[in-house]
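Residue numbers (the UniProt record's numbering): 1 to 297.
Hint data in this document are derived by calculation from the structure and do not stem from the laboratory.
Treat each hint with caution, since some may be false.
To be verified - DSSO-like cross-link-like pairs, simulated, lysine-lysine; straight-line CA separation at most 30 Å:
1) K86 / K216
2) K170 / K216
3) K263 / K282
4) K281 / K256
5) K249 / K263
6) K240 / K256
7) K170 / K85
8) K86 / K54
9) K256 / K165
10) K165 / K249
Bear in mind the structure is a predicted one, so any value in this text is a computation, not a measurement.
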Amino acid sequence: MGTFLFFRYNKANGTIDRLLKQKGGTSMHTLSSPAPHSNIRRERKAGKKPSLLKRMSGAILSLILLLAAVWAIIGYIGEQWMDQKKLAVFTQPSAQTYIPTDEMPDYVWQAFIAIEDHRFPYHPGVDPIAIGRSIWIDLSTDSKAQGASTITMQLARNLFLSHDKTIERKLKETAIAIRLEQQYSKQELLTMYLNTIYFGHGTYGIEKAADFYFGKTVRENGQKHTITLSEAALLASLPKAPESYSPVKHLEKAKKRQALVLKRMVDLGFITEAEKENALKKEIVLQPATRTYVNAS
């Protein structure tokens, strides 16, 4: 007798039954196997995770592109508020008092980064962490937060803007800082900053300040003596409030600020604890001409 093979879909359990029936007979043997479509459903479910990852990756990429576009637009707006002629004077300097950072001892520029903007090497001109902290302090206390302006923002203000405390000026300062970061390297920006910052008593630029206060230079191999770590920390303490921290008028206050600069330098790994202690022991010796000038004025 022959044997015939039949297939029948079983709706009850979602299987396909294979039926073996002998010719001329009535008995059948059922061999069940999973329905193909149930396997397909499982495969589709397993494939959902890669699909979700792809969608998330696409969303993240779109967000990055959007932020890049916004950053570029802000930089373009900032450029409209920049005086290119004035900027050219500082990017192509010829004066003997304009000193690049690579001609200074490292501790000179490190002192300013430590006290003014320790995230300067990493941020894009604006420090979101400092801004967030400033906003939080403003909202949670009656005092006004300080220190949200980065070195690049200070440079933008010193070169192109007034010191009026207005929202408009702050927005311009931010946009210009972003544009400066797009246009120049960190070393170039730091060099421009150090050579334009105000140090009090009508003195602008770190080389003039070193000469005014100590009769020295910031050049590592200059004709005059190079300022020491102790003196560099004292100069770095001045930009926040040049007249208030003037070592000529307020020596004790200046020394406290100097100690803070040195502590921050230790915290950031720029100097050792022993170097800090040695710098603090150094006597602050101002050149006589400085005392005469300040007392006369």
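Would the pair K256 and K165 pass a check requiring their Cα atoms to be no farther apart than 30 Å?
-> Since the Cα atoms of K256 and K165 sit roughly 27 Å apart, the hinted pair holds (cutoff 30 Å).
Mind checking the alpha carbons of K86 and K54 for me, to see if they're no more than 30 Å apart?
-> Distance of about 49 Å is beyond 30 Å: violated.
Taking 30 Å as the top limit, are the C-alpha atoms of K86 and K216 close enough?
-> Status holds; Cα separation ~28 Å.
Does K263 lie within 30 Å of K249 when you go C-alpha to C-alpha?
-> 23 Å, holds
Given the hint that K170 pairs with K85, does the C-alpha gap stay at or below 30 Å?
-> At roughly 22 Å apart (the allowed maximum being 30 Å), K85 and K170 satisfy the hint.
Restraint status (C-alpha distance of K281 to K256 at most 30 Å) = Given pair K281, K256 holds - Cα atoms ~13 Å apart, limit 30 Å.
Is K263 close enough to K282, meaning Cα to Cα at most 30 Å?
-> Answer holds: K263 to K282 is near 15 Å, not above 30 Å.
Straight-line Cα separation of K240 and K256 no greater than 30 Å?
-> 14 Å, holds
Restraint status (C-alpha distance of K170 to K216 at most 30 Å) | Status violated; Cα separation ~36 Å.
With a cut-off of 30 Å on the C-alpha distance, tell me whether K165 and K249 pass.
-> 26 Å, holds
In this structure, the hints that do not hold are numbers 2, 8, in rising order.
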